[in-house]
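Chain residues, written in single-letter form:
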Amino acid sequence: MLTQSPPRTMSRGLSLEIRRKVIEMSASPNGVHIGGSMSIADILAVLYADVLRDPAAEGMSGDRDHLILSKGQASAALYAVLAATGVIPQAECATYAEEGSRLGGHPMKRLPGVDFSTGALGHGLPLALGVALAGKRFDHGKRAFVILGDGELQEGSNWEAAMAAAHHGADNLVAIVDRNGWQISGRTDDCMSLEPLADKWAAFGWRVLGVDGHDHDEIRTALTRPVEPGRPTVVIAHTVKARGVPGLEDTKQSHSATLGTAARRAALAVLDGDRA
Amino acid sequence: MSTDIATRRTVAQVLDHVWENRARVESRNAYAMMLLALARENPNLACLTADMNFEDHFAGELPRQHVDLGIAEQNMIGVAAGLTVSARPVFANGMSPFAIARAFEQIKIDVAGANLPVKIVGTHAGLASGHYGPTHHSLEDLGVIRMLPNMTVVVPADSWEAAQATVAVAEDPGPAYLRLGRQATAPLYQERGAFVLGRARVLREPGRVLFIATGPHPNLVAAGAARELADQGVSAGHLNMHTVKPLDQEAVLHACANAEAVVTIEDHRALGGLGGAVCEVVAEVGGPPVRRIGVPDIHYDLVGGEEYLLHHAGITVSNAVAQALDALG
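Going line by line, the protein sequences match chains D and G. Every letter in the first sequence is one number past the one before it in UniProt numbering, and letter 180, counting from 1, is 180. Every letter in the second sequence is one number past the one before it in UniProt numbering, and letter 173, counting from 1, is 173.
Be a bit skeptical, because a hint or two may be false.
[As the list claims (entries may be wrong)] A partial selection of chain D residues facing chain G, derived with a Cβ cut-off under 7 Å: (1) S61; (2) A120; (3) P126; (4) L127; (5) L133; (6) F138; (7) S157; (8) A164.
Source of the hints: derived by calculation from the structure; they are not laboratory data. Quick caveat: nothing in here was measured; it's all calculated off a predicted structure. Virtual Cβ for every residue (Gly too), placed ideally from N, Cα, C.
Input sequences plus hints: build the corresponding full structure.
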């Protein structure tokens with residue numbers, strides 16, 4: 001059967017724009033969580049280009065979708081996608097972490113396009129479950145998407161929510177795990193074993209999909225799969241921390257960093273190469 | 001039971017029913033009846049629970065508006081905040097020690113910080129769990145929740161006030177904590193009066209001594225102590241501070257303008273709760289001395305029923321009288 005081909009160039013262009021803006025924000029002397037922002041750049045691009053329905057609508061009710069960035073430390077990537085999609089002014093990204101800016105180290109609800117303040121880990125999945133239940137019980141059609149860090153899964157509240165989501169049949173809930181393999185102190189599984197991660201979610205009653213978190217087609221296919229009635233979906237996205245930043249990819253020090261002029265120029269040159 | 005339910009379908013019917021039966025109705029049941037009545041009128045009201053059983057009728061009658069999240073309070077509070085995208089208000093029910101202390105970060109960020117219409121209802125507050133012990137006592141809840149911006153904190157003094165407070169909290173657009181006990185307690189009021197959030201109720205006009213109390217037992221202690229002092233020829237006023245936040249500063253300052261001593265009474269730690277809140281107000285104007293009656297600053301692992309534990313914490317008429325007389329000098 002022939003289907004309309006997905007608008008892959010849109011998400012591709014959007015991911016490059018997200019990365020460019022994150023690199024620019026990483027000039028901030030306060031540091032940017034560049035690793036975890038770059039690891040979700042492709043996920044955010046596909047979500048905003050191809051998946052989410054009206055994610056930045058002003059009102060909360062209705063059959064719009066909601067995206068919750070539970071790993072709020074990747075705020076730079078969220079600001080970048082909000083600027084690139086016209087939700088906030090393009091120029092505002094330059095104010096990242098400046099005194100009086102709306103763009104802090106973790107996203108706050110007072111910024112358009114941010115439905116819930118995040119950054120304290122383990123909050124996003126319960127919030128998203130609440131949104132999903134709102135879609136089941138009060139505003140039919142509403143869907144909830146939440147991006148979780150892999151290290152974040154060490155917070156027990158995630159597993160309270162995972163249990164409840166399956167129990168209450170929240171099939172309009174999609175969790176995306178950014179499996180970049182790092183947390184502040186080092187490799188996630190050296191700090192606290194997460195594997196077998198897919199089996200854990202499956203045991204909690206979730207449909208589990210695995211994707212290369214930098215392959216737009218794979219991400220899009222997973223996020224647009226028809227729901228499995230009664231079961232929430234988790235997409236385990238295998239990603240590379242600081243993807244696209246020369247010298248920082250898959251490193252511990254990419255967790256939070258400031259990039260000097262030369263480093264930014266080198267990173268932007270890699271992006272330009274990708275664009276060409 | 002079913003005929004009972006039939007006679008209290010509406011908010012007005014529940015108010016009548018609770019008023020007539022206020023001596024034997026538990027505050028938590030007055031609340032549960034009122035919540036169901038409110039939910040019948042408002043199809044967008046949601047009721048969440050962490051494995052509680054006092055709101056069973058709700059789940060049976062309005063299953064779409066009811067979600068049981070199991071013994072998982074952190075998740076319940078997060079879900080409550082998430083649900084507000086479509087449902088409001090959202091009532092989240094749990095035992096106070098767990099709904100407040102375990103889920104504090106979710107309350108701080110997801111509810112208070114976000115200023116969402118989530119109403120956290122904690123039963124078994126104070127020492128109401130009696131012999132179940134310190135794991136099940138809730139003695140820090142007023143202190144920690146009143147520090148959070150946007151929160152309203154309400155402690156009904158009896159079942160009648162619990163029914164009224166439920167309506168007020170549901171109508172208020174912001175987040176709230178409604179603090180409830182367990183057993184039925186003696187009614188405080190002789191007449192039906194209006195309940196206004198943030199407005200203290202004067203139970204006895206101010207005198208040389210001013211008692212300020214919150215919750216069922218502390219208000220009964222204050223009423224008894226004021227009567228006893230009057231018998232001894234010492235005039236004493238009594239304010240029921242049912243709303244601990246926002247505190248009715250005007251009422252406090254007005255009532256203590258001519259008082260020579262203030263005594264606060266709460267079934268909560270003497271640190272940081274009602275007593276702390278009153279001291280903050282009175283100290284700023286250089287008011288009379290304040291004595292705080294509450295649970296002392298020790299790990300309170302005495303075994304016994306609620307009355308016994310209240311007695312040993314000094315939440316008694318005799319201690320309230322003694323503190324007042326001592327403060328008068």
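Hint numbers not upheld by this structure, sorted from lowest to highest
The structure conflicts with no hint, since it agrees with every one listed earlier.
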